[in-house]
Structures are given as structure tokens and as C-alpha cells.
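**Q** Sequence:
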Amino acid sequence: SAQVPTVDTSGAAAVIDQALNHSQVMENLQYLTDVIGPRLTGSVAVRRANDWTLERFKSYGLDAKLESWKFGGTWTRGPIRVRLTAPRAHDVTAASWAWAPGTGERGAVRTGPVVRIDATTPDSFATYRSRVKGAWVMTRPPAPVWNGDGPAMTATDSQTQREYFRNVFTPFRDADSLTRARMQQFANDVPFLLQRAGALGIVLDAGKEHALLNMSGSPNRILPLPQIVVAHEDYAMFDRLLRASSTPLLAVSVTNELTRDSVPQWNTVAEIRGSEHPGQVVIVGAHLDSWDLGTGGTDNGTGAMCVLEAARAIAQSGLTPGRTIRFVLFTGEEQGLIGSRKYAEAHAAEADSIQAVIVLDNGTGAITGQALQGRTDLEGLWRALLAPVARLGADSVVNRNKGGTDHLSFLPYGVPGFNFNQLERGYNHTHHSQSDTYDMAIAPDLAQASAVMAVSAYELANLSALIPRGERTAPTPVEAVKVSDSLLVKGKR
Numbered sequence: 018s019a020q021v022p023t024v025d026t027s028g029a030a031a032v033i034d035q036a037l038n039h040s041q042v043m044e045n046l047q048y049l050t051d052v053i054g055p056r057l058t059g060s061v062a063v064r065r066a067n068d069w070t071l072e073r074f075k076s077y078g079l080d081a082k083l084e085s086w087k088f089g090g091t092w093t094r095g096p097i098r099v100r101l102t103a104p105r106a107h108d109v110t111a112a113s114w115a116w117a118p119g120t121g122e123r124g125a126v127r128t129g130p131v132v133r134i135d136a137t138t139p140d141s142f143a144t145y146r147s148r149v150k151g152a153w154v155m156t157r158p159p160a161p162v163w164n165g166d167g168p169a170m171t172a173t174d175s176q177t178q179r180e181y182f183r184n185v186f187t188p189f190r191d192a193d194s195l196t197r198a199r200m201q202q203f204a205n206d207v208p209f210l211l212q213r214a215g216a217l218g219i220v221l222d223a224g225k226e227h228a229l230l231n232m233s234g235s236p237n238r239i240l241p242l243p244q245i246v247v248a249h250e251d252y253a254m255f256d257r258l259l260r261a262s263s264t265p266l267l268a269v270s271v272t273n274e275l276t277r278d279s280v281p282q283w284n285t286v287a288e289i290r291g292s293e294h295p296g297q298v299v300i301v302g303a304h305l306d307s308w309d310l311g312t313g314g315t316d317n318g319t320g321a322m323c324v325l326e327a328a329r330a331i332a333q334s335g336l337t338p339g340r341t342i343r344f345v346l347f348t349g350e351e352q353g354l355i356g357s358r359k360y361a362e363a364h365a366a367e368a369d370s371i372q373a374v375i376v377l378d379n380g381t382g383a384i385t386g387q388a389l390q391g392r393t394d395l396e397g398l399w400r401a402l403l404a405p406v407a408r409l410g411a412d413s414v415v416n417r418n419k420g421g422t423d424h425l426s427f428l429p430y431g432v433p434g435f436n437f438n439q440l441e442r443g444y445n446h447t448h449h450s451q452s453d454t455y456d457m458a459i460a461p462d463l464a465q466a467s468a469v470m471a472v473s474a475y476e477l478a479n480l481s482a483l484i485p486r487g488e489r490t491a492p493t494p495v496e497a498v499k500v501s502d503s504l505l506v507k508g509k510r
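With the numbering used here applied, the sequence shown covers 18 to 510.
These are computed hints drawn from the structure, not numbers from a lab. Quantities reported herein were computed from a predicted structural model and do not represent experimental measurements. Hints are supplied without guarantee of correctness; some may be wrong.
In silico DMTMM-like pairs for lysine to aspartate or glutamate, Cα to Cα no more than 20 Å straight-line [to be verified]:
| id | residue 1 | residue 2 |
| --- | --- | --- |
| 1 | K419 | D394 |
| 2 | K150 | D256 |
| 3 | K499 | D206 |
| 4 | K82 | E72 |
| 5 | K87 | D68 |
| 6 | K499 | D278 |
| 7 | K87 | E396 |
| 8 | K87 | D278 |
| 9 | K150 | D140 |
| 10 | K150 | D174 |
| 11 | K150 | D206 |
| 12 | K150 | D135 |
| 13 | K82 | E362 |
| 14 | K75 | D25 |
| 15 | K82 | E367 |
| 16 | K82 | D68 |
| 17 | K419 | D456 |
| 18 | K419 | E488 |
| 19 | K87 | E496 |
Modelling step: build the complete structure from the supplied sequences, incorporating the hints.
**A** Take a look at the structure:
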């Protein structure tokens with residue numbers, strides 16, 4: 018195997034001192050979450066966040082700019098009211114899915130029964146077609162949810178949960194590629210099949226405890242009919258009522274605004290120029306955009322502010338890196354890593370001079386170490402890189418593939434990309450929910466994470482050589498999800 022480049026740890030102490038003893042991460046996070054607030058891609062707020070982070074980077078002495086990319090249209094959340102009217106009156110905790118339409122002019126109230134379908138193919142869907150007309154449709158059984166603070170799960174609970182996930186994911190995973198493509202196509206088609214059959218809308222289970230909601234959606238998958246996510250407690254109740262032959266009736270009013278013309282969005286890019294190899298670059302990244310039910314505290318205000326703080330720690334430690342260290346705050350991550358994919362595409366010609374990309378996007382927890390993303394040849398390197406911060410708890414190097422965030426956008430270009438492992442800190446509960454706010458952030462964890470990122474970046478910038486490239490693959494183009502031709506109206510979707 019290739020020689021492991023030697024790690025120079027001499028600058029680590031000064032960087033750690035800045036990050037731990039002069040931290041600005043919490044005051045920056047508070048401004049981002051409380052003053053700017055949620056940062057939905059395409060919104061006025063996310064541009065404010067771009068401009069504010071640009072000025073913060075400059076105030077720390079970095080060169081900074083905004084780099085634009087094209088985004089497929091904006092979506093703005095409006096008022097929602099979801100009310101159970103039978104078998105009794107009850108206000109339902111709910112939110113509209115993003116990039117879904119409202120219920121009509123000025124949020125007209127649409128009332129209908131709740132129906133649950135269990136369809137995985139066009140044929141099985143046909144058996145439900147007559148029942149979904151004029152109905153609010155549940156397309157899945159309730160997710161098994163336990164209160165983590167309550168009594169331990171019983172063996173039966175565990176079995177139920179395993180069965181649920183097996184039923185949801187295994188058929189897809191075990192299928193051959195043709196069957197998998199068919200299943201994926203059917204999943205893409207379901208909202209259009211439901212709309213064509215006259216359904217009022219889709220009801221999703223938030224799948225969390227304590228009435229926490231969940232959120233997703235993208236202009237790459239604009240929905241043709243309303244889709245609402247409801248608290249698990251309400252969703253499970255609808256299911257029980259249906260089983261007891263006591264059909265729930267829902268009255269729903271949703272107002273959203275959708276534009277279909279593409280608009281520019283921006284990544285905030287700042288750098289500390291390298292003294293020896295300024296053309297070679299270490300990228301330190303996190304996404305700046307968020308969902309809009311909370312204020313994007315731990316997803317990913319924490320990661321973004323750790324990147325800003327890592328920049329400050331290196332810049333104010335008085336050290337100059339050998340290679341350029343570039344700090345990038347991406348937008349469009351929540352809609353499918355779009356900002357980072359567009360960034361990687363725009364910089365494809367420089368891919369061979371990008372030393373590595375390191376990303377933070379798993380909540381407020383302290384960094385426990387690194388996931389190798391299949392690069393087992395770099396285990397020794399990462400152990401050496403983390404040596405100065407091992408006493409801070411960042412001492413594990415494991416061969417895990419991390420999904421769902423911006424390092425993935427660089428892998429097709431052969432660039433080594435990593436997303437640090439972190440302490441859980443309740444991330445799965447708060448993320449994408451209305452409780453993802455500033456007060457979920459843990460100050461010492463974020464100071465530690467900033468230190469680990471800064472030290473790793475500085476050492477990578479001073480390595481004796483460039484890290485060997487990963488395998489190159491064709492990047493997946495950023496494009497809209499394809500719906501079956503038979504469901505398209507006059508060539509439009």
C-alpha cells in the first residue's frame with residue numbers, strides 16, 4: 018500500500034487553545050438560530066445567513082465570497098389547520114410536507130375520511146382506487162416508536178420494530194436491480210396515482226415520540242397533492258380507529274406558496290491561503306440551510322458554526338497552513354445535497370488538488386472520531402491526525418460509511434471525503450422537528466468539535482503529501498424525480 022504521509026502535530030496546541038478557551042461558537046449559533054432563524058433553501062433567511070457568515074469569516078481575517086448555483090424553485094410554508102371531526106373533535110398536531118401544494122384557494126377546507134392502503138405495485142394499488150376518492154390516505158402502517166426514557170423495550174417490542182424495518186426496507190434491499198427500479202418508480206408514482214384517483218391528500222407518520230414532527234421535501238420532487246405529516250400519537254390513533262371500524266374524519270386547511278422558476282442560491286466560501294501549496298486545498302464543510310419547523314439548531318446550525326469557529330481558531334492562532342484551507346457552508350443540503358453537488362461539479366477540474374473534505378452534520382454531540390468511508394488504507398493516517406485530540410475524546414477510527422450529508426458529493430470525483438462520528442445527544446429525536454432549537458446545543462461539545470475539526474484541517478493542510486485518490490464514479494446528476502409517462506398530463510408533471 019502507499020506510504021502514509023507523515024503528520025506534523027506541532028500547531029495543534031495553539032489551535033486547541035483558541036477553540037476551547039476563546040470559543041465564540043455559542044454566541045454565533047445563537048445569532049444564527051434566534052435572530053436569523055430557520056433557513057429553508059430558497060428563502061430570504063438563508064440568504065441572510067449567507068451574508069452574515071460571509072461577514073463573520075471576513076471579521077476573522079479570511080478572504081470570503083458567495084458562490085451561486087441554480088435551485089429549482091422556492092416553497093413557502095403558510096398556515097395549516099388539521100382537525101379530527103369524527104368520531105370526536107380533536108386538533109391534530111401536523112405540518113405540511115415541503116414542496117407540497119395547499120388544499121386550494123386561500124387554504125380551502127377539505128374534509129374526508131382517513132383510509133389506509135397497503136400497495137407496493139400498480140396492480141395492488143388498483144384494488145384501493147375506488148376507496149381513496151375524496152379521502153385522506155395513509156400509505157404505511159404506524160412506525161413503532163418507544164419513549165427512550167421509559168421502561169426498556171421488551172423482547173416483543175424489539176421483534177416488532179425489527180419486523181417493521183424489515184418489511185419497509187428489506188424487500189427493496191434484497192430485490193434485483195430491475196425489481197428495485199420498479200419499486201422505486203412505484204414509490205415516485207404513488208402521489209400521482211392518488212391524485213388521479215381523486216384522493217384529497219396523503220397523511221404521513223412523523224415517527225417520533227412526544228408529538229415531535231418530521232420534515233422533508235424537494236423541488237426535485239414537487240408533489241401533485243397535499244401531503245401532511247402528523248404526530249405519531251395521532252397517526253397511531255387513526256390506525257387504531259380504522260381497525261375498530263370507526264372511520265376518522267379529517268378537516269384540513271393548508272396554504273403554501275410554490276414557484277417553479279429556478280432561482281440562484283449561494284454557498285458561503287472562505288479561505289486561509291496556504292504558504293507552500295496554495296493551489297492544494299483542504300475543504301472543511303457543513304450545511305447552512307435547515308428545515309423550518311424549528312430553527313435548525315442541531316441540523317445543522319451546530320455543524321455550520323463549528324466550521325466558522327474552526328476558521329477563527331486557525332486564523333487567530335497565528336499559524337499559516339502549508340496548503341489552503343477552504344471553509345464552505347453549503348445550502349440546499351436538505352433538498353438532496355444540491356449545493357455541495359453543484360459545488361463539486363463546478364470545481365471538478367480541481368478535484369485532484371483537493372486534499373480531503375471533512376464535514377460535520379450529526380447534531381450537537383462531541384466528535385468521537387472518524388468514519389473511514391471505505392478508505393481502510395487511511396486508518397493509520399486518521400489515527401495520527403486525531404492523536405492531539407484523543408484526550409478530548411476523539412479517539413476512535415472505524416470503517417463506516419456515513420450517508421446523507423455533503424462529503425458524499427465529492428466522492429465521485431475521487432476526493433477523500435469524511436463525516437466525523439459524534440455522540441448521539443438525542444439527535445434523532447430533535448432533528449427536522451419543531452424542537453430543533455438553540456437550547457438543544459451543548460457548549461463544551463461544540464467547543465470540542467470545533468477544536469477537532471480545526472486540528473484535523475490544519476494537519477491535513479501540512480501533510481507531507483496528497484492523500485491517494487479514491488475510486489472515481491459518474492456523479493448522479495441533480496434532476497427531478499421521473500414519474501411514469503402514463504401519469505403525465507400533456508407532457509407536464
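**Q** If a hint holds in the structure, say so; if it doesn't, say that too.
**A** Taking the hints in turn, this is what the structure says about them:
1. Of the supplied pair hints, the one linking K419 and D394 holds, its CA atoms being roughly 17 Å apart against a limit of 20 Å.
2. Restraint check for K150 and D256: the C-alpha separation of about 19 Å stays at or below 20 Å, so the hint holds.
3. Distance hint between K499 and D206 is fulfilled; the C-alpha atoms sit about 9 Å from each other, no more than 20 Å.
4. Of the supplied pair hints, the one linking K82 and E72 holds, its CA atoms being roughly 9 Å apart against a limit of 20 Å.
5. Note on K87 and D68: the hinted pairing holds, with a Cα-Cα distance of about 18 Å set against a maximum of 20 Å.
6. For a cut-off of 20 Å, the pair hint linking K499 to D278 stands: about 18 Å separates their Cα positions.
7. A hinted pair counts as satisfied when its Cα atoms are at most 20 Å apart, and K87 with E396 does not qualify at roughly 37 Å.
8. Proximity of K87 to D278 is assessed by CA-CA distance (about 10 Å); at most 20 Å being required, the pair is judged to hold.
9. A C-alpha spacing of about 17 Å is found between K150 and D140, which places the hinted pair at or below 20 Å, so the restraint holds.
10. Restraint check: the Cα-Cα separation between K150 and D174 comes to about 35 Å, which exceeds 20 Å; the hinted pair is violated.
11. The straight-line distance between the Cα atoms of K150 and D206 is roughly 17 Å, inside the 20 Å bound, and the hint therefore holds.
12. For the proposed pair K150 and D135, the alpha carbon gap of about 16 Å is at most 20 Å, so the pair holds.
13. At most 20 Å may separate the alpha-carbon atoms for a hinted pair to count; K82 and E362 meet this at roughly 18 Å.
14. Pair hint K75 plus D25 does not hold up; C-alpha atoms about 28 Å apart against a cutoff of 20 Å.
15. A C-alpha spacing of about 18 Å is found between K82 and E367, which places the hinted pair at or below 20 Å, so the restraint holds.
16. Distance hint between K82 and D68 is fulfilled; the C-alpha atoms sit about 9 Å from each other, no more than 20 Å.
17. Restraint check for K419 and D456: the C-alpha separation of about 26 Å exceeds 20 Å, so the hint is violated.
18. The hinted pair formed by K419 and E488 meets the criterion: a straight-line CA distance of about 17 Å does not exceed 20 Å.
19. The straight-line distance between the Cα atoms of K87 and E496 is roughly 12 Å, inside the 20 Å bound, and the hint therefore holds.
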